[in-house]
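Asker: Here is what each chain is made of, one letter per residue.
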Amino acid sequence: DQQVKQNSPSLSVQEGRISILNCDYTNSMFDYFLWYKKYPAEGPTFLISISSIKDKNEDGRFTVFLNKSAKHLSLHIVPSQPGDSAVYFCAASSSVSSNTGKLIFGQGTTLQVKP
Amino acid sequence: GAGVSQSPRYKVAKRGQDVALRCDPISGHVSLFWYQQALGQGPEFLTYFQNEAQLDKSGLPSDRFFAERPEGSVSTLKIQRTQQEDSAVYLCASSDQGVGNQPQHFGDGTRLSIL
Chain F
2 DQQVKQNSPS LSVQEGRISI LNCDYTNSMF DYFLWYKKYP AEGPTFLISI SSIKDKNEDG
62 RFTVFLNKSA KHLSLHIVPS QPGDSAVYFC AASSSVSSNT GKLIFGQGTT LQVKP
Chain C
8 GAGVSQSPRY KVAKRGQDVA LRCDPISGHV SLFWYQQALG QGPEFLTYFQ NEAQLDKSGL
68 PSDRFFAERP EGSVSTLKIQ RTQQEDSAVY LCASSDQGVG NQPQHFGDGT RLSIL
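Those sequence lines, one after another, are chains F and C.
At position 26 of the first sequence the residue is numbered 27 (my numbering), and the sequence of numbers has no breaks.
At position 29 of the second sequence the residue is numbered 36 (my numbering), and the sequence of numbers has no breaks.
Think of the hints as simulated: they come from the structure by calculation, not from any bench.
Beta carbons: idealized from backbone N, C-alpha and C, even for Gly.
Each hint should be verified, as a subset may be incorrect.
Claimed, not checked - If you want the ones that stay clear, here's a sample from chain C, every Cβ over 10 Å from chain F, calculated:
{"#": "1", "residue": "Asp31"}
{"#": "2", "residue": "Gly35"}
{"#": "3", "residue": "Pro77"}
{"#": "4", "residue": "Ser94"}
Said to hold, decoys possible - Here are the simulated lysine-lysine pairs, DSS-like style, with alpha carbons at most 30 Å apart:
{"#": "5", "chain 1": "F", "residue 1": "Lys6", "chain 2": "F", "residue 2": "Lys55"}
{"#": "6", "chain 1": "C", "residue 1": "Lys64", "chain 2": "F", "residue 2": "Lys72"}
{"#": "7", "chain 1": "F", "residue 1": "Lys38", "chain 2": "F", "residue 2": "Lys6"}
{"#": "8", "chain 1": "C", "residue 1": "Lys64", "chain 2": "C", "residue 2": "Lys85"}
{"#": "9", "chain 1": "F", "residue 1": "Lys69", "chain 2": "F", "residue 2": "Lys57"}
{"#": "10", "chain 1": "F", "residue 1": "Lys38", "chain 2": "C", "residue 2": "Lys85"}
{"#": "11", "chain 1": "C", "residue 1": "Lys64", "chain 2": "F", "residue 2": "Lys6"}
{"#": "12", "chain 1": "F", "residue 1": "Lys38", "chain 2": "C", "residue 2": "Lys18"}
{"#": "13", "chain 1": "F", "residue 1": "Lys38", "chain 2": "C", "residue 2": "Lys64"}
{"#": "14", "chain 1": "F", "residue 1": "Lys57", "chain 2": "F", "residue 2": "Lys38"}
{"#": "15", "chain 1": "F", "residue 1": "Lys69", "chain 2": "F", "residue 2": "Lys55"}
{"#": "16", "chain 1": "F", "residue 1": "Lys115", "chain 2": "F", "residue 2": "Lys6"}
{"#": "17", "chain 1": "F", "residue 1": "Lys57", "chain 2": "F", "residue 2": "Lys115"}
{"#": "18", "chain 1": "F", "residue 1": "Lys6", "chain 2": "F", "residue 2": "Lys69"}
{"#": "19", "chain 1": "C", "residue 1": "Lys85", "chain 2": "C", "residue 2": "Lys21"}
Said to hold, decoys possible - Pair ranges (Cβ atoms, derived):
{"#": "20", "chain 1": "C", "residue 1": "Leu62", "chain 2": "F", "residue 2": "Gly17", "range": "23 to 33 Å"}
{"#": "21", "chain 1": "C", "residue 1": "Ser120", "chain 2": "F", "residue 2": "Asn28", "range": "43 to 53 Å"}
{"#": "22", "chain 1": "C", "residue 1": "Lys85", "chain 2": "F", "residue 2": "Gly61", "range": "39 to 49 Å"}
{"#": "23", "chain 1": "F", "residue 1": "Asn28", "chain 2": "C", "residue 2": "Arg118", "range": "27 to 37 Å"}
{"#": "24", "chain 1": "F", "residue 1": "Met30", "chain 2": "C", "residue 2": "Leu46", "range": "27 to 37 Å"}
{"#": "25", "chain 1": "F", "residue 1": "Tyr40", "chain 2": "C", "residue 2": "Pro15", "range": "12 to 22 Å"}
{"#": "26", "chain 1": "F", "residue 1": "Asp2", "chain 2": "C", "residue 2": "Ser69", "range": "13 to 23 Å"}
{"#": "27", "chain 1": "C", "residue 1": "Glu78", "chain 2": "F", "residue 2": "Asn28", "range": "47 to 57 Å"}
{"#": "28", "chain 1": "F", "residue 1": "Pro41", "chain 2": "C", "residue 2": "Arg29", "range": "33 to 43 Å"}
{"#": "29", "chain 1": "F", "residue 1": "Val79", "chain 2": "C", "residue 2": "Gln48", "range": "38 to 48 Å"}
{"#": "30", "chain 1": "F", "residue 1": "Ala42", "chain 2": "C", "residue 2": "Arg88", "range": "32 to 42 Å"}
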């Protein structure tokens with residue numbers, strides 16, 4: 002059972018426009034959510050996170066939105082740059098069902114930003 | 008400061024051989040995680056250490072997988088009698104988990120190929 006789902010395997014956006022990456026989850030116990038970016042042959046790099054007590058968190062060009070009732074989160078990148086081209090993973094953890102902080106990852110979305 | 012370091016970056020072994028993968032976490036990080044990433048998938052949790060204590064090994068796929076962190080710093084993931092389905096990228100992550108929700112920081116992984 003896939004508890005965290007990224008239903009779009011790929012996304013292509015023009016440079017300067019907004020990129021919106023989506024993620025759905027099924028476990029209502031998740032209370033901490035993160036986005037990671039991954040380049041080929043490198044490990045995932047932490048981008049931004051959000052706690053379940055918030056519905057928005059912003060860091061520069063990156064904003065994460067959380068809709069708990071829909072069990073949905075999204076990552077907005079504005080403006081998109083060619084260097085943003087990478088695989089993006091959303092991940093979630095639960096402090097209630099696990100005291101380890103282990104992350105459950107989605108399958109990833111490949112973002113291509115065209116110059 | 009230095010990030011999470013993993014070695015070797017690539018490992019090729021024949022089926023049935025034992026392998027050992029090393030992880031050097033960020034200095035001072037209490038929490039250490041191992042994940043397995045199959046091609047085209049998100050990372051999947053294997054095991055978790057808090058200092059030298061292995062508090063969660065629920066993700067280890069079989070008793071051929073063994074992990075240790077004897078001095079609460081460097082960790083080793085050992086796979087005995089390797090099989091072809093063990094081929095994957097093995098990622099190590101560390102975090103300063105003792106202060107509430109903290110992001111995990113990943114190494115670049117070890118790509119293991121079993122022939």
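Asker: If you test the structure against every hint from before, which numbers come out violated?
Answerer: Of the numbered hints, 20, 21, 27, 28, 29, 30 do not hold.
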